[in-house]
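Sequences and hints are given; from them, build the entire structure.
There are 2 protein chains.
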Amino acid sequence: MPVKNAFYAQSGGVTSVINASASAVIQTAKKYPDQIGKVYAGKNGILGALREELYDTSKETDECLEALTHTPGGAFGSCRYKLKSLEDNRAEYERLIEVFKAHDIGYFFYNGGNDSADTCLKVSQIAEKMGYPLQAIHVPKTVDNDLPITDCCPGFGSVAKYVAVSTLEAGADVASMAETSTKVFIIEVMGRHAGWIAAAGGLANTDIILFPEVPFEKAKFIEAVDSAVKTQGHCIIVASEGAQDAEGNFLADAGTVDAFGHKQLGGVAPTIASMIREELGLKYHWALADYLQRSARHLSSKSDLDHAIAVGQKAVEYAIEGQNAVMPAIIRTGNNPYTWEIQSAPLDQIANVEKMLPAEYIREDGYGITEEARTYLKALIAGEAVTPWKDGLPVHAKLEGVLIDKKLADWSSN
Amino acid sequence: MPVKNAFYAQSGGVTSVINASASAVIQTAKKYPDQIGKVYAGKNGILGALREELYDTSKETDECLEALTHTPGGAFGSCRYKLKSLEDNRAEYERLIEVFKAHDIGYFFYNGGNDSADTCLKVSQIAEKMGYPLQAIHVPKTVDNDLPITDCCPGFGSVAKYVAVSTLEAGADVASMAETSTKVFIIEVMGRHAGWIAAAGGLANTDIILFPEVPFEKAKFIEAVDSAVKTQGHCIIVASEGAQDAEGNFLADAGTVDAFGHKQLGGVAPTIASMIREELGLKYHWALADYLQRSARHLSSKSDLDHAIAVGQKAVEYAIEGQNAVMPAIIRTGNNPYTWEIQSAPLDQIANVEKMLPAEYIREDGYGITEEARTYLKALIAGEAVTPWKDGLPVHAKLEGVLIDKKLADWSSN
Numbered sequence: 330m331p332v333k334n335a336f337y338a339q340s341g342g343v344t345s346v347i348n349a350s351a352s353a354v355i356q357t358a359k360k361y362p363d364q365i366g367k368v369y370a371g372k373n374g375i376l377g378a379l380r381e382e383l384y385d386t387s388k389e390t391d392e393c394l395e396a397l398t399h400t401p402g403g404a405f406g407s408c409r410y411k412l413k414s415l416e417d418n419r420a421e422y423e424r425l426i427e428v429f430k431a432h433d434i435g436y437f438f439y440n441g442g443n444d445s446a447d448t449c450l451k452v453s454q455i456a457e458k459m460g461y462p463l464q465a466i467h468v469p470k471t472v473d474n475d476l477p478i479t480d481c482c483p484g485f486g487s488v489a490k491y492v493a494v495s496t497l498e499a500g501a502d503v504a505s506m507a508e509t510s511t512k513v514f515i516i517e518v519m520g521r522h523a524g525w526i527a528a529a530g531g532l533a534n535t536d537i538i539l540f541p542e543v544p545f546e547k548a549k550f551i552e553a554v555d556s557a558v559k560t561q562g563h564c565i566i567v568a569s570e571g572a573q574d575a576e577g578n579f580l581a582d583a584g585t586v587d588a589f590g591h592k593q594l595g596g597v598a599p600t601i602a603s604m605i606r607e608e609l610g611l612k613y614h615w616a617l618a619d620y621l622q623r624s625a626r627h628l629s630s631k632s633d634l635d636h637a638i639a640v641g642q643k644a645v646e647y648a649i650e651g652q653n654a655v656m657p658a659i660i661r662t663g664n665n666p667y668t669w670e671i672q673s674a675p676l677d678q679i680a681n682v683e684k685m686l687p688a689e690y691i692r693e694d695g696y697g698i699t700e701e702a703r704t705y706l707k708a709l710i711a712g713e714a715v716t717p718w719k720d721g722l723p724v725h726a727k728l729e730g731v732l733i734d735k736k737l738a739d740w741s742s743n
Numbered sequence: 330m331p332v333k334n335a336f337y338a339q340s341g342g343v344t345s346v347i348n349a350s351a352s353a354v355i356q357t358a359k360k361y362p363d364q365i366g367k368v369y370a371g372k373n374g375i376l377g378a379l380r381e382e383l384y385d386t387s388k389e390t391d392e393c394l395e396a397l398t399h400t401p402g403g404a405f406g407s408c409r410y411k412l413k414s415l416e417d418n419r420a421e422y423e424r425l426i427e428v429f430k431a432h433d434i435g436y437f438f439y440n441g442g443n444d445s446a447d448t449c450l451k452v453s454q455i456a457e458k459m460g461y462p463l464q465a466i467h468v469p470k471t472v473d474n475d476l477p478i479t480d481c482c483p484g485f486g487s488v489a490k491y492v493a494v495s496t497l498e499a500g501a502d503v504a505s506m507a508e509t510s511t512k513v514f515i516i517e518v519m520g521r522h523a524g525w526i527a528a529a530g531g532l533a534n535t536d537i538i539l540f541p542e543v544p545f546e547k548a549k550f551i552e553a554v555d556s557a558v559k560t561q562g563h564c565i566i567v568a569s570e571g572a573q574d575a576e577g578n579f580l581a582d583a584g585t586v587d588a589f590g591h592k593q594l595g596g597v598a599p600t601i602a603s604m605i606r607e608e609l610g611l612k613y614h615w616a617l618a619d620y621l622q623r624s625a626r627h628l629s630s631k632s633d634l635d636h637a638i639a640v641g642q643k644a645v646e647y648a649i650e651g652q653n654a655v656m657p658a659i660i661r662t663g664n665n666p667y668t669w670e671i672q673s674a675p676l677d678q679i680a681n682v683e684k685m686l687p688a689e690y691i692r693e694d695g696y697g698i699t700e701e702a703r704t705y706l707k708a709l710i711a712g713e714a715v716t717p718w719k720d721g722l723p724v725h726a727k728l729e730g731v732l733i734d735k736k737l738a739d740w741s742s743n
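Here the protein sequences come in this chain order: A and B.
The first sequence begins at 330 in the working numbering and counts up one residue at a time.
The second sequence begins at 330 in the working numbering and counts up one residue at a time.
Some hints here could point you the wrong way.
[As the list claims (entries may be wrong)] In silico DSSO-like pairs for lysine-lysine, Cα to Cα no more than 27 Å straight-line:
| # | chain 1 | residue 1 | chain 2 | residue 2 |
| --- | --- | --- | --- | --- |
| 1 | A | Lys727 | B | Lys707 |
| 2 | B | Lys735 | A | Lys559 |
| 3 | B | Lys631 | A | Lys719 |
| 4 | A | Lys372 | B | Lys612 |
| 5 | A | Lys719 | B | Lys719 |
| 6 | A | Lys359 | A | Lys727 |
| 7 | A | Lys372 | B | Lys411 |
| 8 | A | Lys411 | B | Lys559 |
| 9 | B | Lys612 | A | Lys631 |
| 10 | A | Lys430 | A | Lys333 |
| 11 | A | Lys411 | B | Lys612 |
| 12 | A | Lys631 | B | Lys727 |
| 13 | B | Lys372 | A | Lys559 |
| 14 | B | Lys413 | A | Lys612 |
| 15 | A | Lys735 | A | Lys458 |
| 16 | B | Lys612 | B | Lys559 |
| 17 | B | Lys727 | A | Lys559 |
| 18 | A | Lys559 | B | Lys411 |
| 19 | A | Lys707 | B | Lys727 |
| 20 | A | Lys736 | A | Lys388 |
| 21 | A | Lys612 | B | Lys411 |
| 22 | B | Lys372 | A | Lys612 |
| 23 | A | Lys735 | B | Lys559 |
| 24 | B | Lys719 | A | Lys707 |
| 25 | A | Lys631 | B | Lys631 |
| 26 | A | Lys727 | B | Lys631 |
| 27 | A | Lys413 | B | Lys612 |
| 28 | B | Lys430 | B | Lys388 |
| 29 | A | Lys333 | A | Lys735 |
| 30 | B | Lys707 | A | Lys719 |
| 31 | B | Lys559 | A | Lys727 |
[Stated by the list, open to error] Residues of chain B clear of chain A, computed beta-carbon distances all greater than 12 Å:
| # | residue |
| --- | --- |
| 32 | Gln356 |
| 33 | Glu395 |
| 34 | Lys413 |
| 35 | Asp417 |
| 36 | Arg419 |
| 37 | His522 |
| 38 | Lys631 |
| 39 | Asp734 |
Just so you know, the hints here were simulated from the structure itself, not pulled from any lab data.
Built from N, CA and C at the ideal position, the CB exists for glycine as well.
If you want it as structure tokens, here you go:
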């Protein structure tokens with residue numbers, strides 16, 4: 330087998346551990362010098378391939394590549410760029426293959442979520458059709474936790490830990506002051522389509538979780554808040570950004586307008602805070618964690634980091650074994666203690682399939698999680714993925730970022 | 330000297346390390362059994378004294394009291410309850426003395442910020458006037474960092490660390506995706522009156538800090554955002570909740586109304602996000618850390634924790650030495666390495682004096698911090714105050730919370 334170079338790219342929303350997968354891909358590839366030459370990383374994801382902007386990762390020190398395991402964000406740049414269908418933009422796929430050919434790339438490692446799995450599959454298919462030998466391996470990553478087959482997605486466990494820890498801490502704060510101050514605290518978390526992240530609130534002292542899966546009923550909700558405050562003096566709410574009513578209207582789109590009369594996407598937290606003020610007149614505070622939750626590498630879970638590294642390593646091993654159009658999936662083999670292994674899963678069973686939060690994970694009243702969900706989630710937030718610190722701040726990798734020389738004409742999207 | 334009991338109470342907004350001060354007071358008191366009998370902690374702060382609701386801390390195990398050093402919130406309950414002036418409500422102060430007398434309390438340790446320092450001083454004065462022997466010691470605590478004489482206030486260093494770390498992490502996330510996604514990220518932080526907390530954003534990769542001290546100028550601000558995005562592709566903004574224009578109008582009160590036409594206190598972050606959308610049409614995200622920042626014990630700084638413990642210990646030692654109406658102040662004695670000591674400061678020089686962010690800490694353009702500020706802040710975020718973890722979550726103290734029997738008639742406020 331001739332030595333071929335590899336291409337690696339990060340796709341879509343980044344996570345606190347996506348760079349750990351990058352590091353694993355790059356470092357594992359070095360173990361197979363007879364098969365893999367250089368690993369080129371796309372600058373800003375797949376755009377880097379289209380634009381022929383490729384970082385030569387062999388220019389990075391081992392120390393720096395190791396530091397990637399504790400660096401949040403996407404070290405090589407990620408992008409939200411969905412390749413069109415083969416029919417709609419065959420030229421784009423052909424350009425990819427042209428770039429791969431120019432740089433002798435035989436391995437395509439694509440680190441992303443649902444859309445990326447689809448892209449990875451298509452790249453594999455077009456290469457085959459064009460007679461270009463390419464092994465396309467998808468490396469899973471998404472805080473949305475919605476990839477099928479795999480028990481969980483790298484990136485999710487750390488967000489779950491962030492939500493559980495933050496809610497626990499802020500909940501302790503609120504509980505201690507509720508007598509004379511804030512009685513209702515709302516933390517809004519990510520998850521437009523599914524309540525995976527919101528569910529993590531159930532690991533803390535949360536009274537009410539608002540899932541996208543459970544239609545929001547104002548009267549019932551207000552009663553639940555009132556009851557919590559009357560019983561224990563305060564109420565802690567974890568609200569998914571995707572919370573919606575029975576008609577599918579997002580609570581975040583509650584018709585708020587700014588001073589100029591423009592519609593505001595105000596967020597779920599302020600919307601339900603207003604309801605609570607109007608209906609119950611209670612003092613509230615709310616937090617919107619936004620990117621903080623998915624970038625909080627200082628709070629990543631050890632489980633999640635281990636998964637992120639393992640899928641990166643296995644992706645390379647699968648490539649060496651000759652596999653194509655597959656994804657390393659995390660398979661849970663036990664809960665007490667939590668055990669897992671990596672298995673190869675075919676991409677055509679993954680692309681465009683969304684794994685939703687199972688109904689049996691949601692408590693009967695719709696405001697909490699079940700024991701089954703707790704067992705599932707506990708494993709994923711377990712352990713602390715310690716990061717090195719310097720001068721009070723976490724140490725992050727500083728890449729050299731050396732782009733290789735271009736060999737082709739500039740690419741223009743159309 | 331006869332053995333007297335001690336009263337300890339938490340006051341105002343809690344911090345991630347206020348319980349460490351509580352632990353230090355209680356444990357240090359045990360070293361002086363010939364002077365201090367029991368330490369009673371007020372349930373919900375000073376209200377506990379007024380209502381004669383006193384926790385007997387001798388019922389707590391050493392293990393639990395030690396665990397307080399890594400427990401956020403106010404373990405005994407805090408309150409926002411400002412005692413009126415002596416003239417307006419002498420009865421309230423007399424009630425305090427009555428309760429202290431009933432339970433043989435000779436030491437008053439009050440753990441709070443500016444208002445509490447004033448209360449502590451007044452309690453000391455009324456005791457003297459009434460001929461009741463009481464030593465009142467204020468234990469400093471406030472994330473606002475606005476107490477005079479002391480170099481910093483326990484609670485602040487950890488919030489500063491939270492803001493710096495969160496901004497660093499989210500900034501890495503945004504930087505990696507800016508090409509095709511979010512270009513402007515705003516994190517809103519606490520500090521209605523002073524920019525101490527916002528200043529901590531200057532320790533991270535922040536492009537623009539909005540201080541309450543610097544009048545907001547929309548055109549200049551929009552230009553700065555535009556310039557950052559044009560230069561590096563993205564812009565990271567740390568905005569103080571107290572950001573305001575030259576006329577003193579808070580940006581948070583920008584006239585946003587909800588679906589019912591009610592005025593919304595929308596927050597600074599969404600307000601300036603709207604501006605950026607309207608003026609520059611850039612994609613943005615924003616976060617509002619709210620209580621998360623002041624309760625994040627998992628991210629507390631070692632400096633801050635050390636300070637919180639030291640002021641608790643010294644408060645008791647000052648009491649034993651016979652001091653009254655004083656506060657242990659943190660005095661910086663060196664910067665490289667950071668060294669400090671505790672000195673006794675008279676409360677009449679502290680009560681009702683607010684220490685503002687020095688003008689020389691703010692960069693000339695008004696959007697960043699100076700080297701002097703960096704030196705000041707770096708010392709306070711230094712070190713990690715490690716907490717124990719179990720099952721993926723931080724371990725917090727669970728107090729027995731045993732209230733002592735009441736001896737007096739119920740108290741009714743008027």
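Tested hints:
no.: 1; hint: A:Lys727 to B:Lys707; result: holds (21 Å)
no.: 2; hint: B:Lys735 to A:Lys559; result: holds (25 Å)
no.: 3; hint: B:Lys631 to A:Lys719; result: holds (13 Å)
no.: 4; hint: A:Lys372 to B:Lys612; result: holds (20 Å)
no.: 5; hint: A:Lys719 to B:Lys719; result: holds (26 Å)
no.: 6; hint: A:Lys359 to A:Lys727; result: holds (20 Å)
no.: 7; hint: A:Lys372 to B:Lys411; result: violated (57 Å)
no.: 8; hint: A:Lys411 to B:Lys559; result: holds (24 Å)
no.: 9; hint: B:Lys612 to A:Lys631; result: violated (33 Å)
no.: 10; hint: A:Lys430 to A:Lys333; result: holds (10 Å)
no.: 11; hint: A:Lys411 to B:Lys612; result: holds (18 Å)
no.: 12; hint: A:Lys631 to B:Lys727; result: holds (26 Å)
no.: 13; hint: B:Lys372 to A:Lys559; result: holds (18 Å)
no.: 14; hint: B:Lys413 to A:Lys612; result: holds (22 Å)
no.: 15; hint: A:Lys735 to A:Lys458; result: holds (25 Å)
no.: 16; hint: B:Lys612 to B:Lys559; result: holds (14 Å)
no.: 17; hint: B:Lys727 to A:Lys559; result: holds (22 Å)
no.: 18; hint: A:Lys559 to B:Lys411; result: holds (24 Å)
no.: 19; hint: A:Lys707 to B:Lys727; result: holds (21 Å)
no.: 20; hint: A:Lys736 to A:Lys388; result: holds (19 Å)
no.: 21; hint: A:Lys612 to B:Lys411; result: holds (18 Å)
no.: 22; hint: B:Lys372 to A:Lys612; result: holds (20 Å)
no.: 23; hint: A:Lys735 to B:Lys559; result: holds (25 Å)
no.: 24; hint: B:Lys719 to A:Lys707; result: holds (11 Å)
no.: 25; hint: A:Lys631 to B:Lys631; result: holds (23 Å)
no.: 26; hint: A:Lys727 to B:Lys631; result: holds (26 Å)
no.: 27; hint: A:Lys413 to B:Lys612; result: holds (22 Å)
no.: 28; hint: B:Lys430 to B:Lys388; result: holds (21 Å)
no.: 29; hint: A:Lys333 to A:Lys735; result: holds (18 Å)
no.: 30; hint: B:Lys707 to A:Lys719; result: holds (11 Å)
no.: 31; hint: B:Lys559 to A:Lys727; result: holds (22 Å)
no.: 32; hint: Gln356; result: holds (20 Å)
no.: 33; hint: Glu395; result: holds (17 Å)
no.: 34; hint: Lys413; result: holds (15 Å)
no.: 35; hint: Asp417; result: holds (19 Å)
no.: 36; hint: Arg419; result: holds (22 Å)
no.: 37; hint: His522; result: holds (18 Å)
no.: 38; hint: Lys631; result: violated (8 Å)
no.: 39; hint: Asp734; result: holds (21 Å)
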